[in-house]
Amino acid sequence: MDTSPFIDSFRELNDSFLKLIDSLSALRGLSSLRVYGQSDTQLLGSSLDVLMQNQDLERCSVYLLKDGKLVNSAGMDWVDMIGLERGQKNSHVPKFASFEVGEGLVGVAAQTGSLQHSRNCEHDPRFERNCRGISPSSMAIGSLISLPIKASGEILGVLNVSHPHVDFFTEAHERSLVIFANFLGQMLVNNRLLNSMEHLVRERTRQLELTLADAEALKRRYAELSVIDELTGLHNRRFFFPESRSALARSLRYKKGFCLLLLDIDHFKRINDVHGHRLGDEVLCRCAELFREQIREVDVLARFGGEEFIIALPDTDLEGAKLLAERVRAAVQDAVFEIEGHSIKTTVSIGIASLLETDSGDAQVILERLISEADQALYFGKHNGRNQARAYPEIACFL
Amino acid sequence: MHGSHTVTETRLEIQKLNALPPMSLVAQELLAVFGNSDLDVHRIATIIEKDPALLARIIGLANSAYFGYPERVSSAEDAIFKVLGLNIARNLAFSMVLAGPFRTAHCPAFHVDQYWTGAMVAATLAQRLSRHIMVEPRPQGGNAYLAGLLHNLGLLALVHLYPDEMTQAFRQLEENPEQHLAEAELKLLGADHLQVGGWLGRKWHLPGFAVAAIENHRAPGYGGEHWPLVQLIGFCAQWADGLQRSEASADLGILARLGIPAAEAEAVLGEMLGKRDEIVQLAKMLAGH
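Going down the list, the protein sequences come from chains V and F.
Numbering follows our numbering, in which position 267 of the first sequence is assigned residue number 267; successive positions increment by one, without gaps.
All you need for our numbering is the position in the second sequence, starting with 1, plus 399.
Just chain F, same shape as in the assembly:
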């Protein structure tokens, strides 16, 4: 039996994290690209954008006050092109690749491919639906994509730092499917992955909208500054989750509140359903299976 942790202990551990290692396939791709003598920014950005941990760190670094870039950066390409330059981005990515594999082996209950699918489906769906949002402030497609991809960032950190506790949490979830993972985490670690993702996002200087979405996407009544984006991510996360369990369980009322016409919503969701197998396949590949 593992002893449970207090929220302070967990927070202090999280704050020691300067970076999270990327996932195996991304690591391999990056190593292959770094071997090339002529580096292609676009190619590196594309690889980085596949990996939430790596993307979060690169974007956060570009938003550090030190670089003094006047706008918030929210894509890997902008971070590299406009702020960091290729060398810093490469060194940073490289050191993360070298930091060793992501410690998922210690936590066999964590399914990397499911994590991938969830992140990618949420990101893609959020980007497509964001175009039809009619309430202000309307999120930009790129921001919706970033927030969708990072919404479960805290989960990676918890699995990486606390493989045993998280194994226990996943097991509890299997035994008790009505429960949400966050509740199990809260009992074992004093904090859930939403809160943890928020700490990490702030420490890494992620843009405010991303931190808000990471922290609050499970709060149905959230009314903060970026509420349309946060609610959108909440819906997409639910939907992506349901997709994996082959049940459509997301609350369509959220989309209505965002002013998205039912016909548009149905069209986008139908399109995503048609691509379900494709996405799952891609996620498996990326996860290195």
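So here's chain V without its partners, still in its complex pose:
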């Protein structure tokens, strides 16, 4: 029996097996590329490297479809693809930077969406249209395959492989290139999606940061606008001035009395030093509560600063103010603040100022004068033993 046909076919099978391994290796290489988030050109460059490392395809290029034209985007220049002699190479490079859809094998591949294979380029009219007037006889190219890079039916570009020999590419080459190009198309689409998504995320992040900055500014603005003292819950100076000013203006207009009490907790620094700031703060709150209990609804009570409080008393004459001041002083003196196991006692000094019947004019100016007078009365009391209410009109002669 003649075994040579068996031997031949066994050999051929083994040869195809080796080639198949090469083309599968190219696919495996492609699938393990970590190129996402790069430009199209970078991705295509790495992909063509994989193709060249794993198959006998050393001349490859990709033309991508851009604005209706096929533009050389990766791999070799066309002059290298067609093996133009070195001397005339460089001057011709720009000539082949792009092809029209439908122009030659490259263009037809994009137009029809099917693989174009020229087994003998020199005598192929399709190839001649990719030569731009240069005679194929001055080139070292035997065969060329141009095939579309597709994804979901859409044509993204054309993959070209050429070889100096005529009839070099086999059907196995064609089949494996189609699979390779399909993979490549999907990768391109994924990469573009990823890039546009990243762009979107960046844009959203930027917007979010702007919004956040706006919110921060608003927060600051509202803090400025706030009229409540955070610690005691009383009003603050920002509230006190316009409120008491308009109350004072009313009293001036209707010729009614108006008094001001300035209150300062005695030896408050000592409480802070002995019991700590937290307890000190609590003492301020308890005092604020006591003050609030003593006043009328029309009175304007505010925390004026550290341990200083202020009360504006519309429709009140000096006698009425002194009565209130005494009540407040006594209430503080009698109170025992039970805070965290400590029994804390304190006292308060109060300065009183009163609107004069002769006062007229700018409420703001008068208000500032009254505050200054109340302050002087307060410090008079402080210097004379604390825990007392003093009225400016009564102590003015001692100053």
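Hints are computed from structural coordinates only; laboratory data are not their basis.
Even for Gly, the Cβ is constructed at its ideal location relative to N, Cα and C.
Any given hint might turn out to be false.
A short, non-exhaustive set of chain F residues, derived as facing chain V with CB atoms under 7 Å [stated by the list, open to error]: (1) Asn417; (2) Ala464; (3) Tyr465; (4) His510.
Based on the hints, put chain F in the right spot on chain V.
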């Protein structure tokens, strides 16, 4: 008179090679082993490791991306055991055996036994000397052996593809002993066997260190990634060459640069000299004489 070839033509021819046929005795041994019903991996690996062409193809295939083996494979046993499996290895070897004899008959000036001796001496010597290398990266003994065995792989390809041109090259070498074979090849074929071996090694996915050694073992100033191995193979190739011509002509300075103490080097080289006849005998046998 033969026309000379351009480097591109030669490269394209080389790249068509999917395999090189093994040498006659190895082919016979493999056929005998394949006839056995119970195949012994170790035995097949041992036979394959005797033949540079066969070994290169088996190792290269195991390193193909397709098999996805995470490490570089550099021995026949690993290639068969860990990656290819016995069937693929057997079929591949079998098809190479069937590919017909190595075309040395067309190139009578090529002495198979000398080729064998050169490859085996270089491999054995490289493995022994590699233990004493003191510079980094220190090559592993197995890798040194592989690189030594394959360092002239390109020569097999050239003799196989271009028997006439190579006959001419060998003749030129005889007439002009000062010349190196590579220079004659370069004139006739546009490329020498080092370059050709490199093309083949890359195409067949041989490990990087092997390709580097094949391509650069005659470049004294080589400083690439695997430079200690490459320089070691350069020395071993020189020494093996000198041994065949009964003259010790290798540059011992290379060993000094690799940090190998002179005493160790002398001991290893002396040992190899003592085995000279033994190795030549073995090479003749393997070459089928």
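### Query
Tell me, which hint numbers fail for this structure?
Result: hint 4 breaks, nothing else.
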